[in-house]
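Peer 1: Taken in order, these protein sequences are the chains called C and S. The opening position of the first sequence corresponds to residue 1 in my numbering, with each subsequent residue numbered one higher. The opening position of the second sequence corresponds to residue 1 in my numbering, with each subsequent residue numbered one higher.
Source of the hints: derived by calculation from the structure; they are not laboratory data. One should not assume that every hint holds.
For chains that are exact copies, the list does not tell them apart, and a pair is met inside one copy or across any two.
As the list claims (entries may be wrong) - In silico DSS-like pairs for lysine-lysine, Cα to Cα no more than 30 Å straight-line:
1. 16 - 48
2. 123 - 64
3. 63 - 131
4. 16 - 131
5. 16 - 123
6. 48 - 123
7. 63 - 16
8. 67 - 123
9. 67 - 16
10. 16 - 64
11. 48 - 63
12. 48 - 64
This one's a predicted model, so the numbers in the text were calculated from it and none came from an experiment.
Spelled out from the first residue to the last, the chains are:
Number of protein chains: 2
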Amino acid sequence: MASSHDIEEGLTLLPKFDADGLVTAVITDAGNGDVLMVAHMNAEAIAKTIETGEAWYYSRSRKKLWKKGETSGHVQRVQELRVDCDQDALWLKVVQEGEGACHTGRRSCFYRAVPLGQTGAVKLEFQNAGKVFDPDAVYSSKG
Amino acid sequence: MASSHDIEEGLTLLPKFDADGLVTAVITDAGNGDVLMVAHMNAEAIAKTIETGEAWYYSRSRKKLWKKGETSGHVQRVQELRVDCDQDALWLKVVQEGEGACHTGRRSCFYRAVPLGQTGAVKLEFQNAGKVFDPDAVYSSKG
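All chains should be modelled from the sequences, with the hints used to inform the complete structure.
Peer 2: Set out below in structure tokens:
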């Protein structure tokens with residue numbers, strides 16, 4: 001078994017998968033640094049992403065390997081892939097093809113801000129929440 | 001129970017906690033957009049972060065609420081907090097006090113790149129891997 005030193009300071013990719021065989025993937029826009037989405041990858045998604053330079057994920061809801069953009073055409077070309085200290089998270093800097101990364105039609109999944117400096121119930125605020133594509137049209141073949 | 005429309009399009013914060021009561025938190029540098037770390041938050045960590053504007057997390061290994069910087073002094077001042085479409089992930093844009101966010105002594109936890117366009121065993125490459133503080137000195141009180 002790999003030591004914590006091997007995992008943190010070594011040059012071997014040793015993903016620390018969770019009980020479901022997944023690691024967390026953070027996807028940022030290579031252009032402006034915005035976080036576009038958070039997804040999950042299994043061993044096969046990691047291997048296919050490394051091999052092809054395009055982003056593959058594992059869908060927890062659909063329980064299957066999934067190429068980003070396979071339905072929408074909104075493929076993500078990976079400009080840089082990084083792994084974190086304990087190797088349970090990956091960071092993909094991507095060029096997002098098409099209009100948006102979010103299935104709701106937005107550029108980013110993070111289109112609501114949480115106001116700070118308060119206690120109790122919180123009212124979110126839309127930020128960059130304009131839809132850049134029509135999800136009903138793009139995903140109409142999902143049915 | 002909240003509908004998927006309420007969760008995705010509503011203005012009520014309804015975090016979708018996993019079986020351990022946690023959501024994923026992505027922390028980026030408000031200055032340059034780099035991903036500094038990935039952490040986890042429980043309901044209390046979210047509430048304290050919103051209230052104080054400083055980042056609190058839940059440590060899965062130590063099984064406790066944890067204020068970033070409580071040992072190292074490397075506090076994170078939250079400039080903006082966002083929630084994603086299905087509310088199982090938060091994005092914190094922070095001003096990182098002190099030298100670095102990573103317990104290994106680096107600015108970011110993502111100090112190794114995974115080369116793309118290959119199959120089989122992968123050799124990582126250090127990127128921005130210089131240590132900006134001495135973890136042994138900073139965490140010496142950890143015991």
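Peer 1: Does each hint hold? Answer for all of them.
Peer 2: Verification of the hints:
{"no.": "1", "hint": "16 - 48", "in the structure": "both (18 Å within a copy, 29 Å between copies)"}
{"no.": "2", "hint": "123 - 64", "in the structure": "between (35 Å within a copy, 27 Å between copies)"}
{"no.": "3", "hint": "63 - 131", "in the structure": "within (27 Å within a copy, 39 Å between copies)"}
{"no.": "4", "hint": "16 - 131", "in the structure": "between (36 Å within a copy, 23 Å between copies)"}
{"no.": "5", "hint": "16 - 123", "in the structure": "between (36 Å within a copy, 16 Å between copies)"}
{"no.": "6", "hint": "48 - 123", "in the structure": "between (40 Å within a copy, 16 Å between copies)"}
{"no.": "7", "hint": "63 - 16", "in the structure": "both (19 Å within a copy, 18 Å between copies)"}
{"no.": "8", "hint": "67 - 123", "in the structure": "between (34 Å within a copy, 24 Å between copies)"}
{"no.": "9", "hint": "67 - 16", "in the structure": "both (22 Å within a copy, 24 Å between copies)"}
{"no.": "10", "hint": "16 - 64", "in the structure": "both (19 Å within a copy, 21 Å between copies)"}
{"no.": "11", "hint": "48 - 63", "in the structure": "within (17 Å within a copy, 34 Å between copies)"}
{"no.": "12", "hint": "48 - 64", "in the structure": "within (14 Å within a copy, 36 Å between copies)"}
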